[in-house]
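Asker: Protein chains in written order, with our numbering: chain A, 1 to 258; chain B, 1 to 320.
Note that these hints are calculated values from the structure, not bench results.
Please read all numbers here as calculations on a predicted model, not as lab measurements.
Keep in mind that a hint or two might mislead.
Sample of chain A residues with no beta-carbon within 10 Å of chain B, all distances over it, derived [unchecked claim]: (1) GLY51; (2) LEU104; (3) ARG108; (4) GLY129; (5) ARG132; (6) ASN157.
List of simulated lysine-lysine pairs, DSSO-like, C-alpha gap at most 30 Å [stated by the list, open to error]: (7) B:LYS242 with A:LYS160; (8) B:LYS215 with A:LYS131; (9) A:LYS131 with B:LYS242; (10) A:LYS109 with B:LYS242.
What follows is a set of in silico ranges between Cβ atoms, one per label pair, in the way DEER data are often shown [stated by the list, open to error]: (11) B:ASP204 with A:GLY24: 52 to 58 Å; (12) A:GLU251 with B:LYS145: 43 to 49 Å; (13) B:ASP204 with A:ARG26: 22 to 28 Å; (14) B:ASP204 with A:ILE253: 38 to 44 Å; (15) A:LYS220 with B:GLY154: 53 to 59 Å; (16) B:LEU174 with A:GLY22: 52 to 58 Å.
Ideal placement from N, C-alpha and C gives every residue a C-beta, glycine not left out.
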Amino acid sequence: MTATLQAIGTAVRLDGVRKTFGHGARAVTALDGIDLAVAPGEFVCLLGASGCGKTTVLNLIAGLDTPTSGEIELTTGRPAVMFQEAALMPWLTAARNVELPLRLAGVRKPARAERTRELLDLVRLGDVGNKRPHELSGGMRQRVALARALASALDGNRGKAASLLLMDEPFSALDAITRDVLQSELLRVWQATGTAVVFVTHDVREAVRLGQRVVLLSSKPGRVVQEWDVEGLTGPDELAAVDRINTRLREVISSHAA
Amino acid sequence: MRRETLPGANDAAGPEPTENGALPASGVDPAPGAKPTDAAAAVGAGLDALDTPPTGARTGRNLFRAIASPIIAMAIAIAVWQFLWSQAFWPEFQLPAPIAVWDQILKVVDSGEVWEFLWVSVHRAVIGFLVSVAVATPLGLLLAKVRVVRAAIGPLISGLQSLPSVAWVPAAVLWFGTTDAAIYTVVLLGAVPSIANGLVAGIDQIPPILPRVGKVLGAGRLDSARYILLPAALPGYLAGLKQGWAFSWRSLMAAELIATSPELGVGLGQYLHNGMSLSDMSMVLAGIILIFLVGVGIELAVFRPLERAVLRARGLNGAM
Ligand SMILES: Nc1ncnc2c1ncn2[C@@H]1O[C@H](COP(=O)(O)OP(=O)(O)OP(=O)(O)O)[C@@H](O)[C@H]1O
Ligand SMILES: [Mg+2]
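Build the full structure now, drawing on both the sequences and the hints.
Answerer: Written as structure tokens, this is what we have:
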């Protein structure tokens, strides 16, 4: 009974969320009535053209901004977030950056050190842990940020796993090979922790590969246009889904030109 | 809005969570299909090796230039001084010979008096500076983060920074008499505004994304100040500390020079004052040189290396 209740509950629900930046004549409506519900443990990919408000949605869910109107109901604790830019602390080494959420969560030192090593190995940066961000390449910085977000997702709530992970184009700065590896690692972490994931991407193929559900946003202002269930698609089915979503994405983008 | 289930998609709700928080072993026991991943990792590591910037070392030539140039400049200045003295443009009590000043310095060093002067002045400056840091740091945090405080006393603090602290000496003497309290008052009024303003500038220049990162990582107000704001503002804060030290030292010399009394002991300022009373120009110049050496010495020995280490750690070593 409880299991069913949980299954139909939501990790986060957005209800008619609008967001307007600025006032008067220079106001920009970034989001116009977004409705979106993410179930506990669900992996949702947000897809949309550049500037359609994907980052804004994540900021609102993370509590970094407040909606102009509408409601956001968050039933999980504080979500773990990976930002679009790496945003590492420039005075900390890579390892200390990964350690920071654990330190803030009050995790003890030996456990911190072990988790940090584990995560740096996961993103294949085990031997540059003592380098500072400015000594790393852009892709390496992005991977440190990924490790930090995972640290926050795994132990960030006083040593417990977060039940919601927000990721803003985490892999867009990476070469295809690294991206491939990290996508499978992300799926593994997701399966291991049962955390819900809201994953923003430009890449339809990535969205279909990772997500259980793909949500397409229109731009100026952002609205939810369409959703697809894409879980467990393989081979030709997957390709067909990518094609279909791509076509729809093109339609949405070209409708702005008209 | 449409929602469609594509052919072949499962409609199961989600994966069964395994043990909470456990990270599945990845590299430890490779699954049967792990071969391509290893190869990929090797390629990836190759890519990383390519794009990690090399870290350059300082050359001996730079070091030579850093040490030799000021020495040469000083030698030229002394030569000019010697030349002017030899031409006897001014009487001896206005321009003594370099050697006479040197003898004066040797005299106080040989008699051991110099250690007393230095001790009296330097320990006052250091205590005054440390108290200033303790006062200015919370003040700067408040100024930077609390809007009302900033609106109320921000302009006052900036104004105080440009008020020469020697202007406080008469007031301090009238309040506290010629005591240590008067001297410390002047030093604090000189140093606190520059340290607080340095911290405010440092905090204002923090990229806004960093406190946001702190917030989503779970930092409360105090943790945010300790782990994000203060370290992020460190370059500006250090610049403020450096200036604060210079202001402490200046204010202290002004106070010692004006407020002289037997119970205050003899610091460098009083030594200078005595030289003036005795119309002994070589003593006055020796005092000035000692004051200069202490100020520059502490900056070079303490603040320069600190600043360099901090900037270098952040990859901001363009100026160094
Ligand atoms: N602080 C702000 N002030 C004014 N306008 C903003 C602000 N933040 C975002 N916007 C506007 O809101 C819209 C959505 O921005 P957002 O960053 O959410 O886009 P995005 O979908 O994440 O784009 P991208 O894929 O390029 O990252 C844009 O038109 C942007 O100009
Ligand atoms: Mg964005």
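Asker: Take a quick look at whether A:LYS131 and B:LYS242 sit within 30 Å of each other, Cα to Cα.
Answerer: 28 Å, holds
Asker: Using the C-beta atoms of B:ASP204 and A:ILE253, is the stated range 38 to 44 Å upheld?
Answerer: Holds, at about 39 Å.
Asker: Taking the minimum C-beta separation from A:ARG108 to chain B, is that value above 10 Å?
Answerer: 14 Å, holds
Asker: CA of A:LYS109 to CA of B:LYS242, is that 30 Å or under?
Answerer: 34 Å, violated
Asker: Please check whether the beta-carbon of A:ASN157 is more than 10 Å away from every beta-carbon in chain B.
Answerer: 8 Å, violated
Asker: CB of B:LEU174 to CB of A:GLY22, is that within 52 to 58 Å?
Answerer: Taking Cβ atoms as reference, B:LEU174 and A:GLY22 lie about 55 Å apart, which means the hint holds.
Asker: State, for the Cβ atoms of A:GLU251 and B:LYS145, whether the hinted interval 43 to 49 Å holds or is violated.
Answerer: Check passed, 48 Å falls within 43 to 49 Å.
Asker: Could you say whether the range 22 to 28 Å given as a hint is met by the Cβ separation of B:ASP204 and A:ARG26?
Answerer: 24 Å, holds
Asker: Taking C-beta pairs only, is A:GLY129 more than 10 Å away from all of chain B?
Answerer: The claim holds: A:GLY129 sits with its nearest Cβ about 13 Å from chain B, beyond 10 Å.
Asker: Quick check on a hinted range of 52 to 58 Å for B:ASP204 and A:GLY24, using CB atoms only.
Answerer: Taking Cβ atoms as reference, B:ASP204 and A:GLY24 lie about 27 Å apart, which means the hint is violated.
Asker: Is the Cβ of A:LEU104 more than 10 Å away from each Cβ in chain B?
Answerer: 5 Å, violated
Asker: Confirm or reject the claim that A:LYS220 and B:GLY154 have a C-beta distance inside 53 to 59 Å.
Answerer: 40 Å, violated
Violation of the numbered hints given earlier is confined to hints 2, 5, 6, 7, 10, 11, 15; the remaining hints are satisfied by the structure.
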